[in-house]
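Colleague: In case you want the letters, here they are:
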Amino acid sequence: MKGNVYDHIFDTVKILFLLFIVAATLLPFINILAISLNDPMDTMKGGIGLLPRYFTWINYSDIFKNSIIIRATINSILRTAIAGLLHTFCTAMVAYTLTRSKFLLRIPIAMIYIFTMYIDGGLIPTFFLYRALGLVNSFHVYWIPGLTSAWNLLVIRTYIKGLPESLIESAQMEGANEFYIFMRIILPLSMPVLATIILFTAVWHWNYWWDTFIFNSSDLELTTLQYELMKKIQSANASFSGSSISDAFSMAKTQVGGSTVTPKSLRAAMTIIVSIPIIMVYPFLQRYFVHGLTIGGVKE
Amino acid sequence: MNSKTSFINRLLNQRLLLLMSVPFVIHIILFRYVPVFGWVMAFQNYKPNRPMLDQQWVGFEQFTNLFGDYQFLYALRNTLAMSAIKLVMGTIFAVLVAIMVNETKRGPFKRTVQTISYLPHFISWVVAANLVLEFLAPNGLFNDILTGIGIVDERVLWMGKPELFWWIIGWSHVWKTCGFGAIIYLAAMTGIDPQLYEAADMDGAGRLRRIWHITLPGIKPVFVILLIMNIGQLLEAGFEQQFLLKNGLVQDYAEVFTIYILRYGLQMYRYSYAAAAGIFKSVVSILLLFTANRISKKLGEETLM
Chain A
0 MKGNVYDHIF
10 DTVKILFLLF
20 IVAATLLPFI
30 NILAISLNDP
40 MDTMKGGIGL
50 LPRYFTWINY
60 SDIFKNSIII
70 RATINSILRT
80 AIAGLLHTFC
90 TAMVAYTLTR
100 SKFLLRIPIA
110 MIYIFTMYID
120 GGLIPTFFLY
130 RALGLVNSFH
140 VYWIPGLTSA
150 WNLLVIRTYI
160 KGLPESLIES
170 AQMEGANEFY
180 IFMRIILPLS
190 MPVLATIILF
200 TAVWHWNYWW
210 DTFIFNSSDL
220 ELTTLQYELM
230 KKIQSANASF
240 SGSSISDAFS
250 MAKTQVGGST
260 VTPKSLRAAM
270 TIIVSIPIIM
280 VYPFLQRYFV
290 HGLTIGGVKE
Chain B
0 MNSKTSFINR
10 LLNQRLLLLM
20 SVPFVIHIIL
30 FRYVPVFGWV
40 MAFQNYKPNR
50 PMLDQQWVGF
60 EQFTNLFGDY
70 QFLYALRNTL
80 AMSAIKLVMG
90 TIFAVLVAIM
100 VNETKRGPFK
110 RTVQTISYLP
120 HFISWVVAAN
130 LVLEFLAPNG
140 LFNDILTGIG
150 IVDERVLWMG
160 KPELFWWIIG
170 WSHVWKTCGF
180 GAIIYLAAMT
190 GIDPQLYEAA
200 DMDGAGRLRR
210 IWHITLPGIK
220 PVFVILLIMN
230 IGQLLEAGFE
240 QQFLLKNGLV
250 QDYAEVFTIY
260 ILRYGLQMYR
270 YSYAAAAGIF
280 KSVVSILLLF
290 TANRISKKLG
300 EETLM
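For the record, the sequence lines run as chains A and B. Everything in the first sequence is counted per numbering that gives the first Met the number 0, starting at 0 for the first residue and increasing by one. Everything in the second sequence is counted per numbering that gives the first Met the number 0, starting at 0 for the first residue and increasing by one.
Next up, chain A with everything else stripped away, as it sits in the complex:
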């Protein structure tokens, strides 16, 4: 019966460990939510834990008075929608042609895609190419380079291969061409996998800021939400350089002219705004990704 005692100890340790993981994951989120809803001057005193001390919406209302943030929000939504939908449609179309066993270029095209998973030109040559193509300081840099990708191609191809062949054959008997078959039969039947890819691609585009930083940082009209939040973090980090704790305090108070809103509270509110769409699509994503990842696990 000795084993039973050990099992009880194990169960206790296990539950404590899992509760610790849950708490450690959630605490920073709840903390920043509390900061974002607390009076900005009061926040400077510190000690905001899990609840706001003096509740206010001012940090949020202040953000949406800022025309750059409005522009950034529109750009982020646009890039997410356009890139997510186009990427999924184009990748699915190529994936479909690669499931047609009579297609003569099937193998070479698959090889070309698979190699892209292992080669990378690097930052500088990529920058030169984009500049030559006129993608620098242009909205198009957000969706053109990532029109298709090898990874999603393999996932969609695997799914389409699992559909019954006879559907395509009978459509061909009735004279449907390949494009018609793809649009009217394959696309509707592939909705489960396509929805997953759209969601994942959209989340990726919503979160990405590196391309704004490298290619579009000199044009404020093209800015994105993540990039604006990143700039606010960078300026907070820059204030570290000379720094004692009191410096960080006094710097924070003076930055936003005329308003009582401080950079710290503004950052907190922006962090919440940037996270909200992710938290909203998250339940939909969760249903799929375990399966998606196992496909990935086999391929990798």
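Simulated from the structure, these hints should not be mistaken for laboratory data. Keep in mind it's a predicted model, so treat the numbers as computed, not measured. Just to be clear, a hint being listed does not mean it is correct.
[Said to hold, decoys possible] Interface residues of chain A toward chain B, partial, derived using beta-carbon atoms under 7 Å: (1) Asp6; (2) His7; (3) Pro27; (4) Gly121; (5) Asn176; (6) Phe178; (7) Tyr179; (8) Met182; (9) Met229.
[Said to hold, decoys possible] Straight-line C-alpha distance at most 27 Å; calculated DSSO-like pairs for lysine-lysine: (10) Lys219/B <-> Lys13/A; (11) Lys160/B <-> Lys44/A; (12) Lys160/B <-> Lys230/A; (13) Lys219/B <-> Lys160/B; (14) Lys109/B <-> Lys13/A; (15) Lys230/A <-> Lys101/A; (16) Lys13/A <-> Lys104/B; (17) Lys160/A <-> Lys101/A; (18) Lys160/B <-> Lys231/A.
In this text, a Cβ means the ideal position worked out from N, Cα and C, and glycines have one as well.
Go by the hints and put chain B onto chain A.
Modeller: Just chain B now, kept in the frame of chain A:
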């Protein structure tokens, strides 16, 4: 001759399939293969506004300069140190979470734990970096907790301590990835034959023994594959974190390859030099991947190729 014309004829018959794929193939070649040719830049003293092949060729000069630059050596050290910390701690915690979740019965508790632990994977590093900065701020929650229970007497400027920077990167990596990283191990664990556990029960093995003798060997193939792949990524992974969390005080411990290349290439206009650094990174990564794969094969374990 005949087979050639018939090949072209057959291809022409498939013109719709061609139209549906070839434009995207040209697109991917342009965006993924053409930049690779830019590598020749690293062997030149590249000046803009002149054709690629009209440049001054300098052989391996850029590379010798690279290895003579102490900042490059710092970047190399920092990248390797942080990647190693992230690899080791990230793997340990992902496996630990997977084991603990696997040992929990299906139910609301298990579901809640999983849902919450996946969440950080989906938020951006920008958001995560701000959470980290607020959490570790002088008047932030972490200092509140530590002073509250008396572990430290005075609030600490955590982000201003160079010697801690690698570990802050490591722990924030664990925070963001351990839940999602556990999925793949959990999937491997569900593939383990339940009869093995039943047999172990009959032999009187406790929970820990079953984990040690059945669960861990069961996930070994997945573990080894992921390890090989991660070793190939030692020089690549995670510049975003360092970029977003670094500040002037921790500069020497925070700079990694991508930031180094960015600084020299796009901000100081030393294109060839930065391209050479990029090539070094790619070549070492490939060598690491092959070495890990070779060692794994020698030990009789799973291999990637």
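Colleague: Next, verify each hint and record whether it holds.
Modeller: Comparing the hints with the structure gives:
1. Asp6: Holds - the Cβ of Asp6/A comes within 7 Å of chain B, reaching about 5 Å at its closest.
2. His7: violated, 10 Å
3. Pro27: holds, 4 Å
4. Gly121: holds, 3 Å
5. Asn176: holds, 6 Å
6. Phe178: Since the shortest Cβ distance to chain B is 5 Å, the answer is holds.
7. Tyr179: violated, 9 Å
8. Met182: With Cβ-Cβ at 10 Å, over 7 Å, it is violated.
9. Met229: Result: holds, 5 Å to nearest chain B Cβ.
10. Lys219/B <-> Lys13/A: This hinted pair holds, its Cα atoms lying about 22 Å apart.
11. Lys160/B <-> Lys44/A: Holds, at about 23 Å.
12. Lys160/B <-> Lys230/A: holds, 22 Å
13. Lys219/B <-> Lys160/B: Violated. Lys219/B to Lys160/B sits at ~37 Å, over the 27 Å cutoff.
14. Lys109/B <-> Lys13/A: holds, 12 Å
15. Lys230/A <-> Lys101/A: Violated, at roughly 52 Å.
16. Lys13/A <-> Lys104/B: holds, 12 Å
17. Lys160/A <-> Lys101/A: Holds. Lys160/A to Lys101/A sits at ~14 Å (cutoff 27 Å).
18. Lys160/B <-> Lys231/A: With a Cα-Cα distance of about 21 Å, the restraint between Lys160/B and Lys231/A holds, given a limit of 27 Å.
When the structure is compared with the earlier hints, violations turn up for hints 2, 7, 8, 13, 15 and for no others.
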